[in-house]
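Protein chains: 2
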Amino acid sequence: MSVPHVVILGGGFGGLYAARALKRERVAVTVVDRRNHHLFQPLLYQVAMAALSPGDIASPIRWIVRKQRNVDVLLGDVRQIDTTARLVRLEDGSDIPYDFLIVATGTTHAYFGHDEWRTLAPGLKTLDDALEIRRRVLLAFERAERENDLARRRALLTFVVIGGGPTGVEMAGALAEIAKKSLARDFRHIDPRSSRIVLVEAGQTLLAAFPASLRAAAQRDLERLGVELRFGSPVTAVHPGRVETGGEWLHAETVIWAAGVAASPVGATLGVRLDRAGRVLVTPELCVPGHPDVFVVGDLAALNGADGKPLPGVAQVAIQMGQHAVRNILRAIERQPLRPFVYRDLGNMATIGRASAVADLGRVRLTGYVAWLAWLFVHLLNLIGFRNRLVVMLQWAWAYFSYQRAVRLITGSDRPT
Amino acid sequence: MSVPHVVILGGGFGGLYAARALKRERVAVTVVDRRNHHLFQPLLYQVAMAALSPGDIASPIRWIVRKQRNVDVLLGDVRQIDTTARLVRLEDGSDIPYDFLIVATGTTHAYFGHDEWRTLAPGLKTLDDALEIRRRVLLAFERAERENDLARRRALLTFVVIGGGPTGVEMAGALAEIAKKSLARDFRHIDPRSSRIVLVEAGQTLLAAFPASLRAAAQRDLERLGVELRFGSPVTAVHPGRVETGGEWLHAETVIWAAGVAASPVGATLGVRLDRAGRVLVTPELCVPGHPDVFVVGDLAALNGADGKPLPGVAQVAIQMGQHAVRNILRAIERQPLRPFVYRDLGNMATIGRASAVADLGRVRLTGYVAWLAWLFVHLLNLIGFRNRLVVMLQWAWAYFSYQRAVRLITGSDRPT
Chain G
2 MSVPHVVILG
12 GGFGGLYAAR
22 ALKRERVAVT
32 VVDRRNHHLF
42 QPLLYQVAMA
52 ALSPGDIASP
62 IRWIVRKQRN
72 VDVLLGDVRQ
82 IDTTARLVRL
92 EDGSDIPYDF
102 LIVATGTTHA
112 YFGHDEWRTL
122 APGLKTLDDA
132 LEIRRRVLLA
142 FERAERENDL
152 ARRRALLTFV
162 VIGGGPTGVE
172 MAGALAEIAK
182 KSLARDFRHI
192 DPRSSRIVLV
202 EAGQTLLAAF
212 PASLRAAAQR
222 DLERLGVELR
232 FGSPVTAVHP
242 GRVETGGEWL
252 HAETVIWAAG
262 VAASPVGATL
272 GVRLDRAGRV
282 LVTPELCVPG
292 HPDVFVVGDL
302 AALNGADGKP
312 LPGVAQVAIQ
322 MGQHAVRNIL
332 RAIERQPLRP
342 FVYRDLGNMA
352 TIGRASAVAD
362 LGRVRLTGYV
372 AWLAWLFVHL
382 LNLIGFRNRL
392 VVMLQWAWAY
402 FSYQRAVRLI
412 TGSDRPT
Chain P
2 MSVPHVVILG
12 GGFGGLYAAR
22 ALKRERVAVT
32 VVDRRNHHLF
42 QPLLYQVAMA
52 ALSPGDIASP
62 IRWIVRKQRN
72 VDVLLGDVRQ
82 IDTTARLVRL
92 EDGSDIPYDF
102 LIVATGTTHA
112 YFGHDEWRTL
122 APGLKTLDDA
132 LEIRRRVLLA
142 FERAERENDL
152 ARRRALLTFV
162 VIGGGPTGVE
172 MAGALAEIAK
182 KSLARDFRHI
192 DPRSSRIVLV
202 EAGQTLLAAF
212 PASLRAAAQR
222 DLERLGVELR
232 FGSPVTAVHP
242 GRVETGGEWL
252 HAETVIWAAG
262 VAASPVGATL
272 GVRLDRAGRV
282 LVTPELCVPG
292 HPDVFVVGDL
302 AALNGADGKP
312 LPGVAQVAIQ
322 MGQHAVRNIL
332 RAIERQPLRP
342 FVYRDLGNMA
352 TIGRASAVAD
362 LGRVRLTGYV
372 AWLAWLFVHL
382 LNLIGFRNRL
392 VVMLQWAWAY
402 FSYQRAVRLI
412 TGSDRPT
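In the order they appear, the protein sequences are chains G and P.
First residue of the first sequence: 2, per my numbering; consecutive thereafter.
First residue of the second sequence: 2, per my numbering; consecutive thereafter.
Next comes chain G alone, as it looks inside the complex (with noise of 0.2 Å):
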């Protein structure tokens, strides 16, 4: 007798949190992702920033999901799926047939219809990313020691961040602290304390989702690390070496987009309605109108809240959503109609730099320190892998104590910049 073959599209939080629940249960899963590890995306800032090693932060996903004997995983790229033969086709043509499908293939950044500013001012989603960041990050420094010319040294030494949300104030909170902190004593010729950070937002705050009061304690700390922050100021140029933001050119050699998300291709090949990014709208039960076998979750889902806001791209929404999916999969295979979808909101937390976080948990509001020792905790226990929290612990606590960047590597000098 055959089981029924949930075929699971990303192994990411929603993905991979879908096929764990799915572990006692008598289905055969496949899960399919183009890459072989499962990340833990909150961290990746710290990968990017010199921190932690890509090893402390991603797994691979067989590995994770090896002693669940009911779970295929399989490296490949989604091409398109087709409803009605209920099947997968990959980029190597080959298919994979579906009784029920979880499409959890997220977002990518989005440079608003400015695709040659992907070059210019990479974004962060995956470990390539993250290392080509740091490249570039370490490098700027490097060049400066060795540049005569003040106004290029200058340049060499302003970083702009593009996007005031969480990554981009991790991102421009730990750009200072490397610059002040990190490679204060490091160079001969220049001064890294002498850096200029300019975190650049097109809206009028920071971390919009936030309680005003967080976002003030967020912009004070900023601001006391010397980043410099500009409001109401899109992006309307990107240029090798500048950018144009609120009608003024900013100098800065290194440009990091922390600004917009873009759907997975994979979610238009669904042929349903989408919204403006690209999402899927899908129904309170998490499935794509007139598809009850066929649910989207995570990211790439556009699903509004009980306060009827949009629910956020964040890993907490992406997990309960998997583990959602399956249950209404198991509902769905005992004839048991589905459920719909409600999201218990656990808080929202961003941190800043070192010793400085905000931390939203409903009625309680953390700032400081005691935010910041929450996030590393959330952090720390969420990461998956015995080793991995131990390795990542380890890190933290030397650079804590030492002011140092674990992981200040320049590689991949092949790859153009």
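Hints listed in this document are in silico derivations from the structure and should not be mistaken for laboratory results.
As the structure is a computational prediction, the values presented were derived from the model and not from experiment.
Incorrect hints may have been included.
Since the list can't tell identical chains apart, any single copy or any two copies may satisfy a pair.
As the list claims (entries may be wrong) - Here are the simulated lysine-lysine pairs, DSSO-like style, with alpha carbons at most 27 Å apart:
1. 310 to 182
2. 310 to 181
3. 310 to 68
4. 68 to 182
5. 181 to 68
6. 24 to 181
Assemble the complex: chain G is given as a structure, and chain P must be docked to it using the hints.
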């Protein structure tokens, strides 16, 4: 009053230990390297074999010497040395004048006139090399899992290592452990334990530099791990998916080069006699003949030891040469005669795998578990940076008890495979 300017080319073992030896001296030191990091080369194969992260075995050169206020570190590529004008020209056209020069630019891998093999059979010299090998090895298993054609699957699960020196032995042993232990349970359609690992050596023995009893022990340990050994088998052709050796074609998708070594091209710009591998034939004082102000140390220097045999290209020789060159420079500054270099042989080690190594410590020869513990101890002790030691120790302990590989990441997908 200006102090003498010592320029050091290369931040490997030779160059770095030379810079450190100049710590308290009244000289100005400039270290030039094309990479920003010192690499602990003896453990590089562990990065290629997914056991350690790049950051665990590499540290920024300028961080290592940050407290030595007389040292300036430059990221740059050497184009040419002009011993008449006494200056070093970099690729960007700038010149660095010197009073004393230490050339320590080392070696790269050589393909014996078959440079077209480079992309088919990558060698192991840099972190990028290691990540590329890791990528190929891990990807081969992923592709085999999806391959239905039995012959192609077999080729994907066949790994050929070319060269039976320490690096080849270490990689063949590690590959066997990855296939037979680390990955044993992770796949559903293939059995990684059925992988074939072939070590191909042109000569008649493994580890030619070791005494016969240790060579026999290494051979026995490798065979116990299931590695297939082929002696007297020079490689005569490398094509995509197959290697010709001893008149036979081996079908293997993954081929690793651990055979030839060629000197850095910087040596040739000195305009003096080189040996067949392009190394500089130095005087017993480690000078370039006719230029008592120019020293060559490490792998780039060709010099015979007390036994009349060429000194091997190992870390200890480079370190002692770097320190000796500094002593001779200090003598020259004080107008005293230079002294010949005497190598103090501290022994020679190679590791085969878990709890298996050989160590030749002069009168004492160790094999198996004891040799392996000695190997661990010596390598941990010599790693630079307290944090690195701790992290590596942790990774090793975890690997020992779990049989796992910590860093099984496939990254850099846009690079050619």
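Structure-based check of all given hints:
1. In this homomeric assembly, residue 310 and residue 182 never come within 27 Å of each other (Cα to Cα): the closest approach is 40 Å inside a single copy and 49 Å across copies.
2. Taking the shortest alpha-carbon separations for residue 310 and residue 181, neither the intra-copy value of 39 Å nor the inter-copy value of 52 Å comes in at or below 27 Å.
3. Taking the closest pair of Cα atoms, residue 310 and residue 68 never come within 27 Å of each other, the shortest separation being 39 Å inside a single copy and 54 Å across copies.
4. In the homo-oligomer, the alpha carbons of residue 68 and residue 182 lie at most 27 Å apart only across protomers (15 Å), although the nearest pairing inside one protomer, at 44 Å, exceeds that limit.
5. Within a single copy, residue 181 and residue 68 get their C-alpha atoms only as close as 46 Å, which misses the 27 Å cut-off; across copies the closest is 17 Å, which meets it.
6. In the homo-oligomer, the alpha carbons of residue 24 and residue 181 lie at most 27 Å apart only across protomers (26 Å), although the nearest pairing inside one protomer, at 48 Å, exceeds that limit.
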